[in-house]
Structures are given as structure tokens and as C-alpha cells.
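Residue numbers (our numbering), protein chains in the order written: chain B, 6 to 118; chain G, 143 to 255.
Everything labelled a hint here was simulated from the structure, so no lab data went into it.
All clues stand as given, with none of them false.
Below, simulated SDA-like cross-link-like pairs (lysine to any residue); rule was C-alpha separation at most 25 angstroms, straight line: (1) G:Lys247 / G:Ser188; (2) G:Lys143 / B:Val55; (3) G:Lys184 / B:Leu80; (4) G:Lys184 / B:Thr25; (5) B:Lys62 / G:Tyr173; (6) B:Lys14 / G:Thr187; (7) G:Lys210 / G:Gln240; (8) B:Lys14 / B:Gln90; (9) G:Lys210 / B:Asp105; (10) B:Lys14 / G:Thr229; (11) B:Lys14 / B:Leu118; (12) B:Lys76 / G:Gln240; (13) B:Lys75 / B:Gly63; (14) G:Lys250 / B:Asp43; (15) G:Lys250 / B:Thr106; (16) G:Lys247 / B:Val117; (17) B:Lys14 / G:Asp181; (18) G:Lys247 / B:Phe15; (19) G:Lys247 / B:Pro111; (20) B:Lys76 / G:Thr187; (21) G:Lys143 / B:Ala61; (22) G:Lys184 / B:Gly47; (23) B:Lys76 / G:Gly238; (24) G:Lys184 / B:Val117; (25) G:Lys247 / B:Met46; (26) G:Lys247 / B:Thr91; (27) G:Lys250 / B:Val93; (28) G:Lys247 / B:Ala87.
Fair warning: this is a prediction, and the values are worked out from it, not measured in the lab.
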Amino acid sequence: NAGVTQTPKFRVLKTGQSMTLLCAQDMNHEYMYWYRQDPGMGLRLIHYSVGEGTTAKGEVPDGYNVSRLKKQNFLLGLESAAPSQTSVYFCASINRGPGDTQYFGPGTRLTVL
Amino acid sequence: KQEVTQIPAALSVPEGENLVLNCSFTDSAIYNLQWFRQDPGKGLTSLLLIQSSQREQTSGRLNASLDKSSGRSTLYIAASQPGDSATYLCAGGWRGSQGNLIFGKGTKLSVKP
Numbered sequence: 006n007a008g009v010t011q012t013p014k015f016r017v018l019k020t021g022q023s024m025t026l027l028c029a030q031d032m033n034h035e036y037m038y039w040y041r042q043d044p045g046m047g048l049r050l051i052h053y054s055v056g057e058g059t060t061a062k063g064e065v066p067d068g069y070n071v072s073r074l075k076k077q078n079f080l081l082g083l084e085s086a087a088p089s090q091t092s093v094y095f096c097a098s099i100n101r102g103p104g105d106t107q108y109f110g111p112g113t114r115l116t117v118l
Numbered sequence: 143k144q145e146v147t148q149i150p151a152a153l154s155v156p157e158g159e160n161l162v163l164n165c166s167f168t169d170s171a172i173y174n175l176q177w178f179r180q181d182p183g184k185g186l187t188s189l190l191l192i193q194s195s196q197r198e199q200t201s202g203r204l205n206a207s208l209d210k211s212s213g214r215s216t217l218y219i220a221a222s223q224p225g226d227s228a229t230y231l232c233a234g235g236w237r238g239s240q241g242n243l244i245f246g247k248g249t250k251l252s253v254k255p
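Okay, chain B solo, but in the shape it has when bound (with noise of 0.2 angstroms):
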């Protein structure tokens, strides 16, 4: 299983250009997440997926939008960069439920100029 996949690793974008953040898990797992790290801020929420079709609101979602058209596949999009949005993006899924692991994937490193 190659578990979480994180797709680009590394993004330079211009403010005002949009992108989209590609997330894929191979273990069939139900619930999915976007974090965002920035230095002193720790991880903060974006958006998560309960399930396929589903999408919510975490702490942070301003300036993004989400979907899970596919179970094993979780979209973030930025739709006009600002350079607020410069961060390192993790993408996460769980098993069942609240209560399971936390697997994580190797991250994607934006910076909008």
C-alpha cells in the first residue's frame, strides 16, 4: 500500500492564480482531512470528508474549496492565491472513525508570490 499520496510536492504560484491540491489514500479509509503548518501556528484544519460526497468546514477554510467525488481521492483548491495561503498542506484519513489512527501524507509545500 502506498497509503497517503500527496500530489505536487512543491508549488510557486502567483497571487491571484488558482490551484488544486490532490490527496489519494489506497486503504479504503472513510474519513478524510486537510491541515495546513505554518511556523508558530502549529496544524490547523482547512476542510474535512466524512465520507465520499461529503465536505465540512474546519477551523481555517477561507480562500479554499474542497470535494470528494471518490472515496479514495480528497481535492483542496485555492481559488485566487494569496500570499497568506503560503504554508505546508497535509492531507490525513482515518479508518472508521474518531477514534482510529491518523495517517498522513508527506506534505505540499506552497509558496504564492
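Assemble chain G onto chain B, guided by the hints.
Just chain G now, with coordinates in the frame of chain B:
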């Protein structure tokens, strides 16, 4: 609002020393607590998961405890090695949070040969 705090932010110890990393949380109705390891530029690797019904979990040289009444968890590392150098994050999950985790900001551990 649930919060997770880790003190100190950084710790340096000589090789072979036994050490304790601390994590505190504000809401004693915690559902579970996870300890993660993060190497520079990498994703998070789950080390130990403690359910609210448990008091501790062990894996090799690692032992994590959970005391809900005092709002504290500790990660004990026995006979530390230079390879243990990393940032250690604790994260709490609460019932009704859909598996969302609240992270501390981490303790950066350096084990000197």
C-alpha cells in the same frame, strides 16, 4: 474551546538519557490523544494512540500516558538515541469532532551523540 499545549518548545539531551515530553489539554472530556513524530520536511508519523478509556500505551522504547482529570499526557522515551531527534506533536480528539484533531505546536527534540 479545546486547546493543546506542549512545553518546552525545544529540548536537547545527551544520548542515552531517558526523557519525558509533556502535553496538556483544556477539556477533560477528551476522546483520544495521539502522539506523532515529524522529521524535517516530512509528514507526520503516528507513534501512539491512547483512547479515553486507557491510561497508557507502549511501543518499544516509547510509553505514552493519559490523565484526563489533570488534563495531561506524557511521552516517555527510554534510552534516547540520535535517531530520536525530531519534532514530537501531540493531538487531542473530542467526541463529536468527527475525528478532527487539535494539535499542540510540538516539542523539537535534539539528542546529542
